[in-house]
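*Asks:* Protein chains in written order, with the numbering used here: chain A, 1 to 255; chain B, 256 to 892; chain C, 893 to 1105.
Check before you lean on any hint, since a few could be wrong.
Below, in silico cross-link-like pairs of lysine-lysine (DSS-like), each with a Cα-Cα straight-line distance of 25 Å or less [said to hold, decoys possible]: (1) A/Lys58 x B/Lys748; (2) B/Lys552 x B/Lys618; (3) C/Lys988 x A/Lys88; (4) A/Lys235 x C/Lys1074; (5) A/Lys58 x B/Lys743; (6) C/Lys989 x A/Lys25.
Treat the hints as calculated values from the structure; they're not laboratory data.
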Amino acid sequence: MTQEKGEKSINLTVKVWRQEGPVVKGRLETYEARNISTNMSFLEMLDVINEELTLEGKEPIAFDHDCREGICGMCGAMVNGRAHGPEKGTTLCQLHMRHFSDRDTVVIEPWRSRAFKLVRDLVVDRSAFDKIIQAGGYISVNTGGSPDGNAILVPQEAAEKAMDAAACIGCGACVASCPNASAMLFVGAKVSQFALLPQGKPEAEKRALAMVREMDDLRFGNCTNERECEAACPKEISITNIARLNREFLKASFF
Amino acid sequence: MQLDSKQPGGPLADKWDNHIFDLKLVNPANKRKFEIIVVGTGLAGGSASASLAELGYTVKTFCIQDSPRRAHSIAAQGGINAAKNYPNDGDSVWRLFYDTIKGGDYRSREANVYRLAQISNQIIDQCVAQGVPFAREYGGLLANRSFGGAQVSRTFYARGQTGQQLLLGAYGALSRQIAAGKVTLFTRQDMLDLVVVNGQVRGIITRNLISGRIEAHAADAVVLATGGYSNVYYLSTNAMTSNISAACSAYRKGAVFANPCFTQIHPTCIPVHGTYQSKLTLMSESLRNDGRVWVPKTPGDKRQPRQIPESERDYYLENRYPSFGNLVPRDVASRNAKVQCDADKGVGETGLAVYLDFEDAIKRDGKDVIAKKYGNLFQMYEKITADNPYEAPMMIYPAVHYTMGGLWVDYNLMSSLPGLFVLGEANFSDHGANRLGASALMQGLADGYFIIPYTIGGYLSGASIEKVSTDHQAFRDSVQAVEARIQKFLSIKGRRTVDDFHRELGTIMWEYCGMSRNDENLLKAKERIGELKGEFWENVLVSGSAGQFNQNLEKAGRVADFIEFGELMVTDAMARKESCGSHFSEAFQTEENEAKRDDENFCHVSVYEHGGDNKDPVCHKEPLVFENVELTQRSYK
Amino acid sequence: MNWFISTLWSSIGKKLMMAITGLCFCLFLLGHLAGNLTVYGGKDLFNAYAENLHALGPLITLIEILLLFLAIVHVLTGCFLFYGNFRARPKRYIKKKSVGGRTIGSATMPYTGVFMLGFIILHLLNFTFIDKADQTSFQIISNTFSSPFYVMFYMIAMVVIGFHVSHGLWSAFQSIGANHPKYMPFIHIVSIVFSLLIGAGFGVLPVYITLIS
Chain A
1 MTQEKGEKSI NLTVKVWRQE GPVVKGRLET YEARNISTNM SFLEMLDVIN
51 EELTLEGKEP IAFDHDCREG ICGMCGAMVN GRAHGPEKGT TLCQLHMRHF
101 SDRDTVVIEP WRSRAFKLVR DLVVDRSAFD KIIQAGGYIS VNTGGSPDGN
151 AILVPQEAAE KAMDAAACIG CGACVASCPN ASAMLFVGAK VSQFALLPQG
201 KPEAEKRALA MVREMDDLRF GNCTNERECE AACPKEISIT NIARLNREFL
251 KASFF
Chain B
256 MQLDSKQPGG PLADKWDNHI FDLKLVNPAN KRKFEIIVVG TGLAGGSASA
306 SLAELGYTVK TFCIQDSPRR AHSIAAQGGI NAAKNYPNDG DSVWRLFYDT
356 IKGGDYRSRE ANVYRLAQIS NQIIDQCVAQ GVPFAREYGG LLANRSFGGA
406 QVSRTFYARG QTGQQLLLGA YGALSRQIAA GKVTLFTRQD MLDLVVVNGQ
456 VRGIITRNLI SGRIEAHAAD AVVLATGGYS NVYYLSTNAM TSNISAACSA
506 YRKGAVFANP CFTQIHPTCI PVHGTYQSKL TLMSESLRND GRVWVPKTPG
556 DKRQPRQIPE SERDYYLENR YPSFGNLVPR DVASRNAKVQ CDADKGVGET
606 GLAVYLDFED AIKRDGKDVI AKKYGNLFQM YEKITADNPY EAPMMIYPAV
656 HYTMGGLWVD YNLMSSLPGL FVLGEANFSD HGANRLGASA LMQGLADGYF
706 IIPYTIGGYL SGASIEKVST DHQAFRDSVQ AVEARIQKFL SIKGRRTVDD
756 FHRELGTIMW EYCGMSRNDE NLLKAKERIG ELKGEFWENV LVSGSAGQFN
806 QNLEKAGRVA DFIEFGELMV TDAMARKESC GSHFSEAFQT EENEAKRDDE
856 NFCHVSVYEH GGDNKDPVCH KEPLVFENVE LTQRSYK
Chain C
893 MNWFISTLWS SIGKKLMMAI TGLCFCLFLL GHLAGNLTVY GGKDLFNAYA
943 ENLHALGPLI TLIEILLLFL AIVHVLTGCF LFYGNFRARP KRYIKKKSVG
993 GRTIGSATMP YTGVFMLGFI ILHLLNFTFI DKADQTSFQI ISNTFSSPFY
1043 VMFYMIAMVV IGFHVSHGLW SAFQSIGANH PKYMPFIHIV SIVFSLLIGA
1093 GFGVLPVYIT LIS
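Generate the whole structure from the sequences, applying the supplied hints.
*Replies:* What follows is the structure, encoded as structure tokens:
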């Protein structure tokens, strides 16, 4: 039948970064993944390895995942040197094994950045992103007392562009794939969303300054406009948002 | 046990306003002295944490993921309802109320649902002010679209990511309070027990998922916003960590559980493809606007769909329900797909799928028009299945994705345990036996932004709450019990993995307590769950240790609770001897095989009280009184 | 002044400094190239140009000081950025592949930069800080270019500059926030054309000079 058309079983050699904790030494370990259906998702392939490891009395590979439909931003790892693997606009949970061939070797490493401390194996601590949002990634309105929804007119184009930026899932692929481990796309997306909307204007300056300061304090790298973030972003968020962040920041600083 | 729903008196439209006035207030200066624990950071938990902190309460918020932004509310696609009547098509608070109560097949409380409809408009205002990028018309006004179960356009949306955007709005508000020091955030924490002191809920026990440490947290009240239990079916559209454990711990401590058998099964999901599948993906209900559902007329027909001529296709929804056709409500569409597959007319390798065909729509409107409407969904489908829906029909099958049942709460959203409040999908209150599309987001935010801030004040100012610290014996006992249970999991060292048990539980629940239920199957389910439970506690294999990041151990606790909860669901399904909404009991159907309610005997909420370990639960009933709507039979012919 | 320093010291501020100094160098390159093109008009024209240029006296000194200042800012900021970026990922990937954003120009910026610094010092030693008393400007260059090794080195340097500028020019616009869907494609094209112009314009000079000498 059509759905199973082209379904195959493949065997893979999987090399996974194993590290028990942030301070101990890690290493790549090699596993054989046998009879992997090409209809499986990448994480389901890891599930298979983990179930085997558990039955052998070994510790399964720790990896973050939750919604498995590409929206929560929990999953993510470097697959053969690429954030979220080889497919464009795809999170790791949506990557399917049909994009691999029999006897491929797959190297899986965690996100690497000074700002993302390793927790275990492929799990990293991305609370730095939360801290950046806490610095100003919101509009300061309390619950209640808001005017009628239609009292604020938002041009459709502005709403669409804001939505493009707001699609960020906070997975960290931008930082992971950036040669400098910079978080500019993440910050740029949030600053842009609110800079584009009339609701965000009153605090636009404060927001840009505070978020950039926090980002710098957390020791993310600097943007050198390499565009790897944009290419790796599973939501394909554009670097025009970084330019807008630069603009907002400079405007707020100098004027 | 006395179940007082505390619905206020007076005319329906004035109940909430009167109630707000009647609730006692907490002096602004005193608010900071009250500590409130909120568990969960989805739409309900996130909005509640932020709103309570804004009022001045001292809030501690817990989430299971590494960031509050990842709660599963984020996956909601379609939209959020509100009775704004912006399109001028005759919507009103009353109509939203009526649609919701009818959609729920008259198994929800009038007063709660009316309040929900009233608050719906404020939610939109709030979210717009927060910078949620809702879809707009060219003139800059908010856009609306239609959704199932309603004849008006009242759904607000942000592309196919409405849940994400609303959640990020609440997450922003929460982040602002964290920065202000009003909320202390605890991430990667799993709530494992509820602590009750002198009959009042005074705290929780959590496991730090990174260090494995068991932590006790005390407060003056606890708010649970821990979502639903669809994962009892193993395969569902819920996130992997969505679980029932927090609610289960409350249930074991005396909170009563309402309508556990009401689970919604969504008709348009991508079918199961193999035994290692971990997760089902929903395709928006909007596809049924243009897609035609069909199966081959001949059972066992294995030809390619395009080789089956028109005359040999059965467009069963259009044939059976000429006036609603492919747009019948979710429960009806799901049940009919199952009937076809049971008759061996299912398609695909597994035979557990039906076609959703866009051939005619593409012929009629052209590929471009269809691509504009559904392009992103077609793309998502292709990403998962490697099939192109423009060429071959989609294959879809129903999947579990929402649970209407939950911890019982009164009009104040307080459970049967004083000091324990339950919000969002975790409570049972507003959707009856079936939830309408775009109503879940509305309820989560209504509970968190606009109800709990009022009602929790009423409790805190009225109750006499003594100072309690985590040194109290009740906390120590709880910590000990939690640690003992963890040691038990680790010491069994059996031969089956946790996932293996979960998969089997899911199969039992889906086969015997799924879309269509009968006593014979439910009995079978009961028996097999009992066996599974016995085997679990003797043969489960959990690797690693307690004091480390240990995902197997996390899952073990969740699956143990799912097994226990599965029994309760089956018990409830057997007790409800009628068909209503999502609960279809084969013995109770009309001549045309539609659900047949029994309003005389079952117009009530079934509420279960924990009877003790390995004992049957005690069933209570909260009668549902309808003063404003007339109970009618739903018909879509 | 505190705000000023903290702005420039921020990650975006550093990029701003790189962008502005870089754009100034692009302008300088354009002017330098325009002057050098007089070679194609023959040695007399070139010598005349050189004399006229030196006749500007203090203005030239001022521009030289300015260029030196820009160079110091550009190089130092570049070093700080490089060091910060290096530190931002203490543990490198075992396997890392580009996903298609990087170009040769962008990926090699720090290295082409260092190479150019070396080249510029050598260039200044060869052509600026040299005894000009008994030879014309044209003689100086034709002497220097008489060595085929030097010609080769010079041409490689021009290719390197081309790569550096190919990323640097559009990147400067992005850094100061001038990215607009309407204009960015044009800026990208200008960057490529500009880098080719600089690379080819300077790069062909030694060949021509060797031919006419």
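*Asks:* If a hint holds in the structure, say so; if it doesn't, say that too.
*Replies:* Hints and how they fare:
Between A/Lys58 and B/Lys748 the CA atoms are separated by roughly 12 Å; this keeps the pair inside 25 Å, and the hint holds. For a cut-off of 25 Å, the pair hint linking B/Lys552 to B/Lys618 stands: about 23 Å separates their Cα positions. Under the criterion of a C-alpha separation no larger than 25 Å, the hint pairing C/Lys988 with A/Lys88 is consistent with the structure, at around 16 Å. Of the supplied pair hints, the one linking A/Lys235 and C/Lys1074 holds, its CA atoms being roughly 22 Å apart against a limit of 25 Å.
Restraint check for A/Lys58 and B/Lys743: satisfied, since their Cα atoms lie roughly 19 Å apart, inside the 25 Å limit. In summary, the hint linking C/Lys989 to A/Lys25 is supported, as the alpha carbons are separated by about 24 Å, within the 25 Å threshold.
In summary, this structure violates none of the numbered hints.
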